[in-house]
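Enquirer: Given the structure of chain A, go ahead and fit chain B onto it with the hints provided.
Okay, here's what each chain looks like letter by letter:
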Amino acid sequence: DGGITQSPKYLFRKEGQNVTLSCEQNLNHDAMYWYRQDPGQGLRLIYYSQIVNDFQKGDIAEGYSVSREKKESFPLTVTSAQKNPTAFYLCASSSGLAGFKETQYFGPGTRLLVL
Amino acid sequence: EDKVVQSPLSLVVHEGDTVTLNCSYEVTNFRSLLWYKQEKKAPTFLFMLTSSGIEKKSGRLSSILDKKELSSILNITATQTGDSAIYLCARPAHGSSNTGKLIFGQGTTLQVKP
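Each protein sequence line maps, in turn, to chains A and B. For the first sequence, position 91 (counting from the first letter as 1) is numbered 91 according to my numbering, and the numbering increases by one without interruption. Numbers in my numbering are just positions in the second sequence, counted from 1, shifted up by 1000.
Pulled out of the complex, with its shape left as it was, chain A reads as follows (with noise of 0.2 Å):
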């Protein structure tokens, strides 16, 4: 089955902890992206990588980092310099330019919660 997976589905972390979401896919797209999705904010773009080896920062990378050292795989690194991390997060991913002909599909997601 081809498809997004995510892992794990729920993260707790302790304060000044590091935590790594990843991400997965199978659908042989070259570009994968991160979102954060806080209630009445819709989704906000973290990181995106349009090809391995490569990515970019989106509106809110700060306190996270991301790598893109194979196609399938793009794991995001929440740092303890995310003072408010709480939040689910959603991976995506698409095989060209997202809104030209192609869409984004997007992974079930993690959620995040702080201790």
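Everything labelled a hint here was simulated from the structure, so no lab data went into it. Don't take every hint at face value.
What the hints assert, rightly or not - What follows is a set of in silico ranges between Cβ atoms, one per label pair, in the way DEER data are often shown:
1. B:PHE1045 with A:ILE60: 16 to 26 Å
2. A:THR20 with B:GLU1039: 19 to 29 Å
3. A:SER95 with B:LYS1040: 24 to 34 Å
4. B:SER1007 with A:THR20: 15 to 25 Å
5. A:LYS57 with B:PHE1030: 17 to 27 Å
6. B:ALA1078 with A:THR86: 13 to 23 Å
7. A:ASP38 with B:THR1081: 40 to 50 Å
8. B:GLU1055 with A:ASP59: 41 to 51 Å
The structure presented is a predicted model; accordingly, all values stated were derived computationally and were not measured. Think of the CB as a built atom: it goes at the ideal place given N, C-alpha and C, for glycine as much as any other residue.
Expert: Here is chain B on its own, set in the frame of chain A:
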């Protein structure tokens, strides 16, 4: 400003009602507008609109774009409890011809009561 605004932010209706959700954008350099439905987890794609005045339809859902008014509506007729979800509107970010970035609205939360 590169912004997408949805209204209303939340809506409660009863089964069988018809609802109209609105999405407006502020940049005139237009490429497309996308609608997604988010039930509990992953948003799922509904429509991509590129041409003004042409309605796209899928079952009880339909959507149309008005480039003159910089807006789009999503209609749901004969609503069912399964239509309860957050409906998201998005468009490519200004200057995104080589990035694929999308700008999302705040979403409209629809609750359909039995």
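Enquirer: Now, for every hint given, state plainly whether the structure supports it.
Expert: Outcome of the hint check:
no.: 1; hint: B:PHE1045 with A:ILE60: 16 to 26 Å; in the structure: 23 Å, holds
no.: 2; hint: A:THR20 with B:GLU1039: 19 to 29 Å; in the structure: 27 Å, holds
no.: 3; hint: A:SER95 with B:LYS1040: 24 to 34 Å; in the structure: 26 Å, holds
no.: 4; hint: B:SER1007 with A:THR20: 15 to 25 Å; in the structure: 37 Å, violated
no.: 5; hint: A:LYS57 with B:PHE1030: 17 to 27 Å; in the structure: 25 Å, holds
no.: 6; hint: B:ALA1078 with A:THR86: 13 to 23 Å; in the structure: 38 Å, violated
no.: 7; hint: A:ASP38 with B:THR1081: 40 to 50 Å; in the structure: 26 Å, violated
no.: 8; hint: B:GLU1055 with A:ASP59: 41 to 51 Å; in the structure: 32 Å, violated
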